[in-house]
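Visitor: Based on the provided sequences and hints, a complete structural model is requested.
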Amino acid sequence: MSPTHDAVPAVPTTPTPGPHNRRLTLLTVVATFGGLLFGYDTGVINGALPYMTDDLGLTPATEGVVTSSLLLGAALGAFLGGRISDRRGRRTMILWLAVLFAVGTLICTFAPGVGVMVLGRVILGLAVGGASVTVIAYLSEVSPAERRGRLVTQNELMIVSGQLLAFICNAVIGGIWGEAGGVWRWMLVIATLPAVALWVGMLAMPESPRWLASRGRFGEALAVLQQVRDAKRAEAELAEVRALAEEDRAAQTAGWRDLAVPWIRRIVVVGLAIAVMQQITGVNSIMYYGTQILTESGFDRDGALIANIANGVISVLATFVGIWLLGRVPRRPMLIVGQIGTFSALLLVGVFSLVLPEGVGRASVVLALTVTFLAFQQGAISPVTWLMLSEIFPLKLRGLGMGVCGLMLWIVNFLVGLLFPILVAGIGISATFFLFAGLGVCAMLVAKAIVPETKGRTLEQLEREFKQAGDPAATAEVTR
Amino acid sequence: MTVMVAVPDSPEGRTALSAAIDETRLRDTDLLVLNLALDPLDVVGMPSDLPITVRERTGHADLADCVLAALDEYEGKVDLLVIGMKKRTPIGKALLGSLSQRLLLEAEVPVLAVKR
Chain A
1 MSPTHDAVPA VPTTPTPGPH NRRLTLLTVV ATFGGLLFGY DTGVINGALP YMTDDLGLTP
61 ATEGVVTSSL LLGAALGAFL GGRISDRRGR RTMILWLAVL FAVGTLICTF APGVGVMVLG
121 RVILGLAVGG ASVTVIAYLS EVSPAERRGR LVTQNELMIV SGQLLAFICN AVIGGIWGEA
181 GGVWRWMLVI ATLPAVALWV GMLAMPESPR WLASRGRFGE ALAVLQQVRD AKRAEAELAE
241 VRALAEEDRA AQTAGWRDLA VPWIRRIVVV GLAIAVMQQI TGVNSIMYYG TQILTESGFD
301 RDGALIANIA NGVISVLATF VGIWLLGRVP RRPMLIVGQI GTFSALLLVG VFSLVLPEGV
361 GRASVVLALT VTFLAFQQGA ISPVTWLMLS EIFPLKLRGL GMGVCGLMLW IVNFLVGLLF
421 PILVAGIGIS ATFFLFAGLG VCAMLVAKAI VPETKGRTLE QLEREFKQAG DPAATAEVTR
Chain B
1 MTVMVAVPDS PEGRTALSAA IDETRLRDTD LLVLNLALDP LDVVGMPSDL PITVRERTGH
61 ADLADCVLAA LDEYEGKVDL LVIGMKKRTP IGKALLGSLS QRLLLEAEVP VLAVKR
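Chains as they are written, first to last, in my numbering: chain A, 1 to 480; chain B, 1 to 116.
There is no bait here: all hints are sound.
Partial list, derived from the structure: chain A residues whose beta carbon lies under 10 Å from chain B:
| # | residue |
| --- | --- |
| 1 | Gln252 |
| 2 | Thr253 |
| 3 | Ala260 |
| 4 | Val261 |
| 5 | Ile264 |
| 6 | Leu397 |
| 7 | Leu459 |
| 8 | Glu463 |
Estimated spans, in silico, between C-beta atoms of each pair:
| # | chain 1 | residue 1 | chain 2 | residue 2 | range |
| --- | --- | --- | --- | --- | --- |
| 9 | B | Asp49 | A | Glu240 | 36 to 46 Å |
| 10 | B | Pro11 | A | Glu453 | 24 to 34 Å |
| 11 | A | Ala260 | B | Pro110 | 23 to 33 Å |
| 12 | A | Thr59 | B | Arg102 | 48 to 58 Å |
| 13 | B | Asp72 | A | Val116 | 45 to 55 Å |
| 14 | A | Arg83 | B | Pro110 | 31 to 41 Å |
| 15 | A | Arg215 | B | Ser98 | 31 to 41 Å |
| 16 | A | Gly255 | B | Lys87 | 19 to 29 Å |
| 17 | A | Trp324 | B | Ala113 | 56 to 66 Å |
| 18 | B | Lys115 | A | Arg217 | 45 to 55 Å |
Keep in mind that the hints were calculated from the coordinates and are not lab data.
For clarity, every value in this text was computed on a predicted model and none was experimentally measured.
Backbone N, C-alpha and C fix where the C-beta goes; we use that ideal spot for every residue, glycine too.
Guide: See below:
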């Protein structure tokens, strides 16, 4: 029997203080610069876009292309990143990602026009997507078991912190040098600093012991474990690391052919639905276009840049609340309540954009509503999404399942990023929000119909449910 | 000498398994079950008087490769491979290929192919 999916944010048990512990903390800090860069590079466009629009002469369509080209790169980066880091090693991969982050940032910073900008954004996207899979893998492989469960959500926290950091930098730079030309270039170029820190930091960090073990390099794996565990534990854990490396191999068992089996197909469909539902709320229209939404509602540009910080702050706070909630309430109600909260907020944005006259009053109401929206999104929907995706797949299906769902998530994110400015220009801001609210209602109905509860249940129980869903007679059969 | 049976997650897999159990009895030998499903095989329903070994599938995304690799590994020990067969539409065959066809053509031991 596999363990039940229960209180995920496990309490770290008795960390024996010592040099190995400091080393582990340092390592976590360095690697999460990857998550921070992920957040900064996706969030910075929010404040940079209004200035860039003037300088580069962007239309709504090219705004969408500049924003979403990063997401297309990210889909590709997430897809390829896993394979490359399996072959070359996590550390090597993160070092290359840091270079990619820096190169992409510099290309964007010095872009003379839309073409070069899009090239730079795609390169940044490759780095973002690669980091999304490699940093998680690296951290979960070097951390001791009791910390592992929290890492997925901690990485999410680093991403929203990176976005908050970007919003703050945007407001500060826009506030001080807003009148100077090309101010957006300064907003972008700051992202080279954490990239350099990531690169320099990773040089001093060891390779993942589990990856070394999967290559049969057990001596090196033990040497790494001795750096990050106390001496007694290092020996004991080598066996565990070996077993986990085996498990990783088993996770890559399933292929496309297995989708011919009905219950497997049902699980993958539910996984895809969960991935789509997280993005279809339109969360990233606010994370990427928040400043513009606030400007359109009636704030001036500096005011909007500052007000947008509230969106970043609430995302970070709500993520903390979400992590706390995951350990205490069932996943399914948490997801559905999150969806009700988000589509209600979107509906109200639409209504107030329609009835209130443009001005500071309307802008303040819209800000209050986007903050409410983000509280439900980052405090309920997003944490449940990441956790459920890691919980619903049986071991042998996990590699394929997580792969296609991750790809799906980036593709929907890409479509939202691309279409949002075009929709706003075409049908107006309130109709656009009504559209997202409508999609949110559909998503909630789908969630109600097909998403299973995973908290407190074993994978075996879940599998049985998926098998019974299509064919009640199957359980009566003798051999399976 | 051993009978090997390939058991995918389908009705054909179950048919193959029961045919293989009969064949093992008849030959008075032992049975090697190659589980091609993604979940563990339910051993409760299998006869307890036969020497049965279950082998899980790992690392091979392609089912035919997985069976052929297992046959190579047990070369000289396995003298019969039992598989289930079903009729596939031409489109299904074009998309996924035919597992039984590959095994019939490429396995180096005699193959017993059972229909439902």
